[in-house]
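These protein sequence lines are chains A, B, C, D, E and F, in that order.
Positions -10 to 258 (the numbering used here) are the ones given, in order, by the first sequence.
Positions -10 to 258 (the numbering used here) are the ones given, in order, by the second sequence.
Positions -10 to 258 (the numbering used here) are the ones given, in order, by the third sequence.
Positions -10 to 258 (the numbering used here) are the ones given, in order, by the fourth sequence.
Positions -10 to 258 (the numbering used here) are the ones given, in order, by the fifth sequence.
Positions -10 to 258 (the numbering used here) are the ones given, in order, by the sixth sequence.
Any given hint could turn out to be false.
As the list makes no split between identical chains, a pair holds if one copy fits it or if it spans any two.
[What the hints assert, rightly or not] Distance condition first, Cα-Cα at most 30 Å in a straight line; then the derived DSSO-like pairs of lysine-lysine: (1) 76 x 25; (2) 25 x 42; (3) 76 x 141; (4) 146 x 187.
Treat the hints as calculated values from the structure; they're not laboratory data.
Here the structure is a predicted model, which means the values were calculated and not measured.
For reference, the chains in residue letters:
6 protein chains.
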Amino acid sequence: DFLNALHEIPPAFGASTDDLERCRLNGIVDCGDRHKRIYERAMLLVEQVRVSKGSPLVTCLLEGPSGSGKSAMAATIGINSDFPYVKIISAETMIGLSEGSKCAQIVKVFEDAYRSQLSIIILDDIERLIEYVAIGPRFSNLISQTLLVLLKRVPPKGKNLLVIGTTSEVGFLESLGICDAFAVTYHVPKLRQADARKVLEHLNVFADHDIDAAAEAIDDLPIKKIYMLIEMAAQGSHAGGAEAIYAGEGKININRFFDILGDVVSLRV
Amino acid sequence: DFLNALHEIPPAFGASTDDLERCRLNGIVDCGDRHKRIYERAMLLVEQVRVSKGSPLVTCLLEGPSGSGKSAMAATIGINSDFPYVKIISAETMIGLSEGSKCAQIVKVFEDAYRSQLSIIILDDIERLIEYVAIGPRFSNLISQTLLVLLKRVPPKGKNLLVIGTTSEVGFLESLGICDAFAVTYHVPKLRQADARKVLEHLNVFADHDIDAAAEAIDDLPIKKIYMLIEMAAQGSHAGGAEAIYAGEGKININRFFDILGDVVSLRV
Amino acid sequence: DFLNALHEIPPAFGASTDDLERCRLNGIVDCGDRHKRIYERAMLLVEQVRVSKGSPLVTCLLEGPSGSGKSAMAATIGINSDFPYVKIISAETMIGLSEGSKCAQIVKVFEDAYRSQLSIIILDDIERLIEYVAIGPRFSNLISQTLLVLLKRVPPKGKNLLVIGTTSEVGFLESLGICDAFAVTYHVPKLRQADARKVLEHLNVFADHDIDAAAEAIDDLPIKKIYMLIEMAAQGSHAGGAEAIYAGEGKININRFFDILGDVVSLRV
Amino acid sequence: DFLNALHEIPPAFGASTDDLERCRLNGIVDCGDRHKRIYERAMLLVEQVRVSKGSPLVTCLLEGPSGSGKSAMAATIGINSDFPYVKIISAETMIGLSEGSKCAQIVKVFEDAYRSQLSIIILDDIERLIEYVAIGPRFSNLISQTLLVLLKRVPPKGKNLLVIGTTSEVGFLESLGICDAFAVTYHVPKLRQADARKVLEHLNVFADHDIDAAAEAIDDLPIKKIYMLIEMAAQGSHAGGAEAIYAGEGKININRFFDILGDVVSLRV
Amino acid sequence: DFLNALHEIPPAFGASTDDLERCRLNGIVDCGDRHKRIYERAMLLVEQVRVSKGSPLVTCLLEGPSGSGKSAMAATIGINSDFPYVKIISAETMIGLSEGSKCAQIVKVFEDAYRSQLSIIILDDIERLIEYVAIGPRFSNLISQTLLVLLKRVPPKGKNLLVIGTTSEVGFLESLGICDAFAVTYHVPKLRQADARKVLEHLNVFADHDIDAAAEAIDDLPIKKIYMLIEMAAQGSHAGGAEAIYAGEGKININRFFDILGDVVSLRV
Amino acid sequence: DFLNALHEIPPAFGASTDDLERCRLNGIVDCGDRHKRIYERAMLLVEQVRVSKGSPLVTCLLEGPSGSGKSAMAATIGINSDFPYVKIISAETMIGLSEGSKCAQIVKVFEDAYRSQLSIIILDDIERLIEYVAIGPRFSNLISQTLLVLLKRVPPKGKNLLVIGTTSEVGFLESLGICDAFAVTYHVPKLRQADARKVLEHLNVFADHDIDAAAEAIDDLPIKKIYMLIEMAAQGSHAGGAEAIYAGEGKININRFFDILGDVVSLRV
Ligand SMILES: Nc1ncnc2c1ncn2[C@@H]1O[C@H](COP(=O)(O)OP(=O)(O)OP(=O)(O)O)[C@@H](O)[C@H]1O
Ligand SMILES: Nc1ncnc2c1ncn2[C@@H]1O[C@H](COP(=O)(O)OP(=O)(O)OP(=O)(O)O)[C@@H](O)[C@H]1O
Ligand SMILES: Nc1ncnc2c1ncn2[C@@H]1O[C@H](COP(=O)(O)OP(=O)(O)OP(=O)(O)O)[C@@H](O)[C@H]1O
Ligand SMILES: Nc1ncnc2c1ncn2[C@@H]1O[C@H](COP(=O)(O)OP(=O)(O)OP(=O)(O)O)[C@@H](O)[C@H]1O
Ligand SMILES: Nc1ncnc2c1ncn2[C@@H]1O[C@H](COP(=O)(O)OP(=O)(O)OP(=O)(O)O)[C@@H](O)[C@H]1O
Ligand SMILES: Nc1ncnc2c1ncn2[C@@H]1O[C@H](COP(=O)(O)OP(=O)(O)OP(=O)(O)O)[C@@H](O)[C@H]1O
Ligand SMILES: [Mg+2]
Ligand SMILES: [Mg+2]
Ligand SMILES: [Mg+2]
Ligand SMILES: [Mg+2]
Ligand SMILES: [Mg+2]
Ligand SMILES: [Mg+2]
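All chains should be built: construct the whole structure from the sequences, respecting the hints.
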């Protein structure tokens, strides 16, 4: 299953999976049933691509709120596929490039994939790849058109490809027609209270008598915010510093935790 | 008739029809009366072009929802025409080109066609050729103008040309005046339940007692989604894998099928 | 009168009138009183230009629905004027050119005309010359401005010029101020039933007992659609093929005609 | 007075006034009191500029409907000023130039004027100079800014300049702030019936018993339309042709006149 | 006080103040209390800049209707400051330059000022510097951003700078955030009747018995319009010409004055 | 605490902190509890970054009205962090650069920071960095995208980075999605009356019997306006000049103070 699969992952920071590992620096913890089900479905698509004769192109979109774990999941799928060609296309490596150069890089990755029998391409943060901002709205039509064509273009005979996209702007991609260009879409959610509680237990930074109160306070947060909260609350909670807490020698002060929660959440969520 | 005509097609992957064949990798199955009638009408236009003295240019637009089989039908018409010059103009071969270069390529195909006595040009996915996105909307006016002129320009004396366009954005083409530039327009529909059932029977991947339930569930889907559904449901349905199912040694688990259907359809349709 | 004038036209395909003749490949048939009156008025403008001392520039716009015969009429006026310089400016010969190059070509034609004592310039499909699409709307302001200036610029002393424009987007030209730049505007209409009937009789492709029914069905169609309809209906109407019908050896099957009419008209008009 | 002043004008077609004379090819006839008063006021501005010590720049805008005689009046003022430097800036001599080149030409004319003690610059058809179309609206901001600065820039010591602008798009210039940049604005109107009648009498192309009916029909037309009407109606009115009428050997047929009036006016006004 | 200060001004047309003097060619007359108070406040800012240790940058905006005397006042402040570096930045010297070149020139002036211990920079007609027109609206964002940064950038240690802006489009500058970038804003008004009367008396061009009537008629006009009115009315008022009036040998005809007033005011104000 | 921390700051004008010190030329006075609390929270983030193993990137936005002290606070945090790499990115040093060059400079600063174990980058006045104006609105999407990516890009292993942004246009950044890209946001407010009073006392420029009235008048002003007010009111308050007041030899005239307050506040706030 999802977690087990993940536990098998060797702490690989080798050349080919380096970019993928950067997407899950905190490792992978159990985020609950909904994350798990998406992972399983996606791994079936991996199998479909592995054995398919008739449909050499399968496409799948992971959408959900910012920080909910989409990129980490896509990277995990890529790593666990054991496909010979797994590549992440991210705006991080293309900062400041012209639209044309970005297109060329994207096309290059697809052309490379067409040369491998089994490939996965991750289009990470598609709204960032197409340089989207809500005001206007503005975006690169050149890159959008390129994606729209690539998401439909059948690989050459005998080459099978899985494309996984991630986005936190599904509404916008919908209106561009990019969503419809994916065969399936899965929603990667924020963590419900029960899921969040499991994460807190796993991290072991609260005293036993505080953990209920803490978990109750963080219903419906993305996994990323939970990590940020813990780190901030650990700061100044204990004489030995945050290190003491991570070392298990101290616990987070629950009042400090609530105080910080106000900074991080009430203002922005 | 449509299917018979199709059955006559040799599995030609030769130079000239290679691009056309790529549009119908799954072969061609009977999609019902409505698809058949459009095919027949279009073949009459082929005849009209073949014998016409007075009107050397005939134009026809195939419009309909994404994945309904427009490109496959246009390719089939082109292959079955036996015209000496049949060419598909597709955004796939022009990724990342400037508007000007795309125009030049399009014009080149028409100029080449003017040199052949009988020609068919397929303008595949016109909205993609003109780089359309709904937001804005944005599109290439240079390419639009080129198409508007080419769709009216009479070939030189003695040269007859059939232009077949395909689009899933008929409303937009209408507002550009591109629809009116075509002499006739045919709507290529999704499959009704009866048509879909025939496709399922033909594919032979369900147990006899499941086929009614399966067909009932997929009313009003485009042919492309039906194929995708079957492939996804075959995955993990049977111990022998999807291969066993395609080999006729197993059947798709109907519950798995319904489950997958939810992923593919309820979210997106 | 109009038709007689037309009958006098030698089947000239010589250098100077070649472009003009391409506008009326089907020849010219009697389209009824309204077409005739416009032709006569326009020929009076030709005379006015021929004899004028005081106003060396006369301008006239033919507007009406697509396919109503505007370009054919403008070409006919040009041919029948017997002026030494008659030139048609059409988007067909400027595909893919930049706005600047198009302007230069247009200006060149006017400069050439200023060197001839009597000239006619046809600005064919002005909306296409200015690269208009309704979405936006978009159009070339550079070319629009060029036309607005040229339509007001008085030729040099002793040189007289008639400019005839055609358009099916009169509303848009109105809003650009291009309509007001023409001294007179004539509306070239679709064919009324009575006029259409005469065309059918002249073409002689229906059996006598069918012609009433056929004519009744095609009220308010542009001449171009009528021709297209006949060609399509002739296809498959008769064992001997369309050729037999054109040769007078067969007639169009009236039911087939109605069937085709549905394709061509009900969907698009 | 206006007419007398005009009658003094020698039929000068010499180098310096050639461009100005092209604005009044039909000569100048009495268009009524309102035209006359504007002419007189403008000639006072000429005097003001001639003697002014304190305000070396005077600016005046002539606005009114298309064809009402603005350019002809501006040219007449320029010719009658006897200033050493009188120059008309018109879009006609700048067709197809870039905005930058147009600006440079405009600035050049002002720089030249600054070198003459007394100058008049006519900015003819300002909306055309700034490449205005109502759709959008679109116009050249570069040229607009240039005009806005030039209309305020004080000439060097001892050099006096009168700038006369003409426009038929006063509302638009108002919204650009160009109107306010002119010190005074005069409205050049269409001709009232009484004024039009005088013009008809002067032209002497109607029979005495027809002139009342003719004049009555053309209330509120610009002078340009009246000339066009007469020319068109003269065509085909008389056996001897239009020449006979202009030669005084025939008169315009009043019914023909009304008929033509419908073409020219009812459609467009 | 304001007037006295002005009277002290030597008729300096030397290199450094030449551009400033061009802003007040008519000299400076007393425009009333409101103008005077603004002048005094601004001169206090000059003092503040002269002695300040803590805040090396002071900024002040003069806004008001066109022709109300903003540029003349800014120039007067600059001249009277006796600062070693006083510079006016005006669109007049940058006609037709690209946005980039204009920016470079503006930045250059600030860099020069940073080298002087005490400096004044006049940003004259800011809306013209940023190429503003109301339609759109359009303006240069490059220049706007440059001004926004320069109006906040603290000069180097020991260098003090006063920036005075003028504008008649305060509403627009407000919406760009340029107004808020100024520390203080003063409204330079049109002249009230009492103020206008003083100007008329000072100019001495009306007969004693006419001056009341004249003053009554020109309530709420900018100083510039008053000067224009006088000049126009002087033309043709007297046999000896306008010269006679300025020489005190004649007076303006009050009826002529009212007549001209109608031209200048009722149409445009 | 905040003030104490500040008092420890040596008057460092050395190379590395020069840019930072320019942000607080007036030194730092106690602005009340709200400013203090933000400073303390931010210094905890500094600690978090110093000790963090897991989350190498922390981001924090200071937003609030213009002149409320955001840049001064960010600079103070940077100086007090004692991190080896502290850099401010400001539009002031990039005036007139192209968007591309600005991007390159911004990216360069991040790349440099990735080489230091502990870094702080201040993105000062983000709306100015992205060239924002409210009209349109207009802004640089290239720079916005660059910031959006950089604010999410994880530094290389072992390098920790704190990014502090400042802005007075939080609403706009919100709509660009830039706010959400920061982990926490703090609102830096205007001064309440009690806080302002403390500042006045500290500056010691009012007579004891005036200070209540003065403080009462300046509720809800940003610290910057308070300083400007004092400087302006000091001018002309006392025979010895403003210097006498700063030297403690005189006090600000309270009536003059109220008068100036009207100029600075009532017009603009
Ligand atoms: N299952 C998980 N276990 C532990 N940490 C996780 C898990 N999933 C995600 N994270 C961590 O949470 C943070 C956010 O995850 P990720 O970047 O995948 O979210 P995202 O949905 O892609 O966000 P965005 O929309 O901003 O791109 C990362 O630091 C990641 O390492
Ligand atoms: N009659 C058919 N029999 C079997 N497969 C078909 C048939 N028609 C289409 N297909 C298959 O269905 C898929 C979609 O068909 P096609 O690409 O022609 O649809 P389309 O209408 O052009 O879609 P789009 O709007 O996305 O371009 C293709 O894989 C094609 O091979
Ligand atoms: N009087 C006529 N007799 C016979 N054929 C005609 C006549 N007028 C036009 N046609 C034919 O009808 C078709 C359409 O005519 P034409 O191109 O002149 O129409 P149009 O009004 O210019 O259309 P568009 O608006 O599309 O430019 C042409 O093929 C032309 O040859
Ligand atoms: N007073 C006049 N007497 C005779 N003819 C005139 C007179 N005024 C103008 N015309 C003629 O009428 C026509 C239109 O005049 P003109 O070009 O000056 O009008 P306009 O107001 O400038 O028009 P537009 O707005 O189109 O530029 C010209 O042919 C001109 O020669
Ligand atoms: N106090 C004054 N005494 C005499 N003349 C003045 C005075 N103030 C301004 N003028 C004159 O009035 C005219 C308009 O003044 P100025 O150019 O300063 O106005 P402005 O407000 O800058 O106008 P704009 O908004 O058009 O730039 C100029 O000719 C100037 O010389
Ligand atoms: N605590 C403080 N004590 C003394 N002076 C201060 C303090 N904070 C800010 N200032 C001064 O107030 C002025 C405004 O501060 P600062 O530039 O930091 O404001 P800001 O919020 O960044 O404004 P903006 O939004 O315009 O960038 C500066 O001159 C600064 O030196
Ligand atoms: Mg992500
Ligand atoms: Mg297709
Ligand atoms: Mg035509
Ligand atoms: Mg004119
Ligand atoms: Mg000014
Ligand atoms: Mg700041």
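Legend entry - Structure versus earlier hints, numbers of those that do not hold, lowest first: Of the numbered hints, all hold.
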